[in-house]
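Undergrad: The primary structure of each chain is shown beneath.
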Amino acid sequence: MIRSGGDRATIDARIRVAEEPAHEVSIQLRPGVRSLRLDEKRVPGPEAYFGIVQMVLFHPGELELVQGGPSARRTLLDRVLYQTEPGYPTAFRDHQRALKSRNRLLQDEASAASIRSFDRPLAETAVRVVAARGRLLHQMAPFVAAAFAEIAGGSSTAAIAYRPQCEASSADEVLEALARSFERDRARGATCVGPQGDDVEIRIDDHPARSYGSQGQQRALVLAVKCAELAVVQARAGQLPVLLIDDVSSELDETRRRHLYRTIGGGGGQVVMTTTDARFVPLETLGTGGTVTRVSQGKLSR
Amino acid sequence: MRLLGRLPGVGERTAQRLAFFLLRAPRDYVTALGGSISELQERVHPCARCGNYTEEEACAICTDERRDAGVVCVVGTVQDLMAIERTGRFPGRYHVLGALLAPLDGVGPEDLPIPALLERIGDGVREVVVATPPTVEGEATALYLAQALKGSNRTACVRVTRIASGVQYGGDLEYADQVTLGRALDGRREIE
Ligand SMILES: [Zn+2]
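The listed protein sequences derive, respectively, from chains A and B.
Quick note: to get our numbering, add 9 to the position in the first sequence (first position is 1).
Quick note: to get our numbering, add 1 to the position in the second sequence (first position is 1).
Looking at chain A on its own, in the form it has when it is part of the complex (with noise of 0.2 Å):
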């Protein structure tokens, strides 16, 4: 955020893993440009910065993956393999260039053997996209079941599972879905099949969260959901990831308040969260070492 006024925002952070040397992160933002640098290196996106320190945030508005399209969901699951699994940022960006470039083909209407050319590598990298969502909501699944149930309370029972698009999972597979949906391509000028088409299935008592739970249910899923995330990346990663926790006084109740906290704290990371209240935040629960910087009129103190 650029102060009023000014030209430019800078945040600089020193971030140290265990016994590792440090690393000097550092990102300047002006107006419509971000610049990223990662040890006064220039890096093209925050993915350079996944492989060293692995982070879970929570903000407001993450009813959107309850409520919300596939989008937020399939996000979530993007942003955890981004940061675990370490052929999948390759595999993402080029079934994405893959999608882009056959997609540009249908609309300019170009010959059949152009946009059947990129089928193949379509096919290849939407497979490694489907089978690492897979395997991370298979992972996830069970951890979301286990904290519904203790935020909850009660009887009620949640699931997710994945639903992709394409259940293929072999790329000649894909590239039969694929041919079969040529036409239906053409006429949409879009590629129907494939991982771009994925969604996270969530279920409160066997039924859609979306439709059947109420507010206080879709609250407790989508906390459960986080708390899920935290719990699988920290297994992936063999290391505590930093929580970033945007002020989450507002979205939640009391109770699922004191959930969130203890799962923090029980876990002994490094938490950054901020709050317009600091009532909200009980630093007493969450141990002992906590800063509170406070924001006033465009200038910190402690």
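Mixed in with the good hints there might be a few duds.
Stated by the list, open to error - Listed next, with one range per pair, are the computed distances between beta-carbon atoms:
id: 1; chain 1: B; residue 1: Gly10; chain 2: A; residue 2: Leu253; range: 53 to 63 Å
id: 2; chain 1: A; residue 1: Ile24; chain 2: B; residue 2: Arg68; range: 29 to 39 Å
id: 3; chain 1: B; residue 1: Leu5; chain 2: A; residue 2: Glu56; range: 49 to 59 Å
id: 4; chain 1: A; residue 1: Glu49; chain 2: B; residue 2: Arg25; range: 46 to 56 Å
id: 5; chain 1: B; residue 1: Gly107; chain 2: A; residue 2: Asp181; range: 29 to 39 Å
id: 6; chain 1: A; residue 1: Glu49; chain 2: B; residue 2: Ser37; range: 54 to 64 Å
id: 7; chain 1: B; residue 1: Thr181; chain 2: A; residue 2: Val304; range: 31 to 41 Å
id: 8; chain 1: B; residue 1: Cys158; chain 2: A; residue 2: Glu49; range: 50 to 60 Å
id: 9; chain 1: A; residue 1: Arg193; chain 2: B; residue 2: Asp178; range: 40 to 50 Å
id: 10; chain 1: B; residue 1: Arg25; chain 2: A; residue 2: Pro53; range: 23 to 33 Å
id: 11; chain 1: B; residue 1: Leu5; chain 2: A; residue 2: Pro40; range: 26 to 36 Å
id: 12; chain 1: B; residue 1: Asp178; chain 2: A; residue 2: Ala27; range: 29 to 39 Å
Worth flagging that the hints you see were computed from the coordinates, not collected in a lab.
Since the model is a prediction, treat every value here as computed from it, not as a measurement.
For each residue, glycine too, the CB sits at the ideal point set by N, CA and C.
With chain A held as given, fit chain B with the ligand onto it using these hints.
TA: Same frame as chain A, but now just chain B with the ligand:
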């Protein structure tokens, strides 16, 4: 210094170092260097047959009678051709495309020298090895070429192979080490 800084891989600091080096260098060296640079584009041009750089009508590889004219390796760039030459494992000749199919950059099949390739393949060529890089565009180009070769009467019987994926996907042939690239060549397989 501003002109030097436009060279690939040359930043501000390197440009400065080069400029100071040239200021202090012997006069005849600087004259010779300047002459070579300004003649470069006049004297060096693509080989009429394969697209490799040459000062003659046809390049040293195309005119070398010891090379196997029955095997043609299709590459994206002259740099990739040189990378394959460095392995010392390829006995045949080349065909440089100069670009890859890249719809996002507006490059289509009509921008590639495919007719010239089909023309060349007609007589005595047994195998075409497609060594475009293992990227989305490189793979798509390989598949497009294979279809084009299979679809033309004159070339339908030619074996079309693809270098093995020993080179990492999303990688760059130019920077692959010689052993890896050599293995990728040896492990080439027919494109279905
Ligand atoms: Zn030549």
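Undergrad: Indicate, hint by hint, whether the structure satisfies it.
TA: Do the hints match the structure? See the list:
no.: 1; hint: B/Gly10 with A/Leu253: 53 to 63 Å; result: violated (37 Å)
no.: 2; hint: A/Ile24 with B/Arg68: 29 to 39 Å; result: violated (54 Å)
no.: 3; hint: B/Leu5 with A/Glu56: 49 to 59 Å; result: violated (33 Å)
no.: 4; hint: A/Glu49 with B/Arg25: 46 to 56 Å; result: violated (30 Å)
no.: 5; hint: B/Gly107 with A/Asp181: 29 to 39 Å; result: holds (31 Å)
no.: 6; hint: A/Glu49 with B/Ser37: 54 to 64 Å; result: violated (36 Å)
no.: 7; hint: B/Thr181 with A/Val304: 31 to 41 Å; result: violated (52 Å)
no.: 8; hint: B/Cys158 with A/Glu49: 50 to 60 Å; result: holds (57 Å)
no.: 9; hint: A/Arg193 with B/Asp178: 40 to 50 Å; result: holds (44 Å)
no.: 10; hint: B/Arg25 with A/Pro53: 23 to 33 Å; result: violated (38 Å)
no.: 11; hint: B/Leu5 with A/Pro40: 26 to 36 Å; result: holds (32 Å)
no.: 12; hint: B/Asp178 with A/Ala27: 29 to 39 Å; result: holds (32 Å)
Checked against the numbered hints given earlier, the structure breaks hints 1, 2, 3, 4, 6, 7, 10 and satisfies all the rest.
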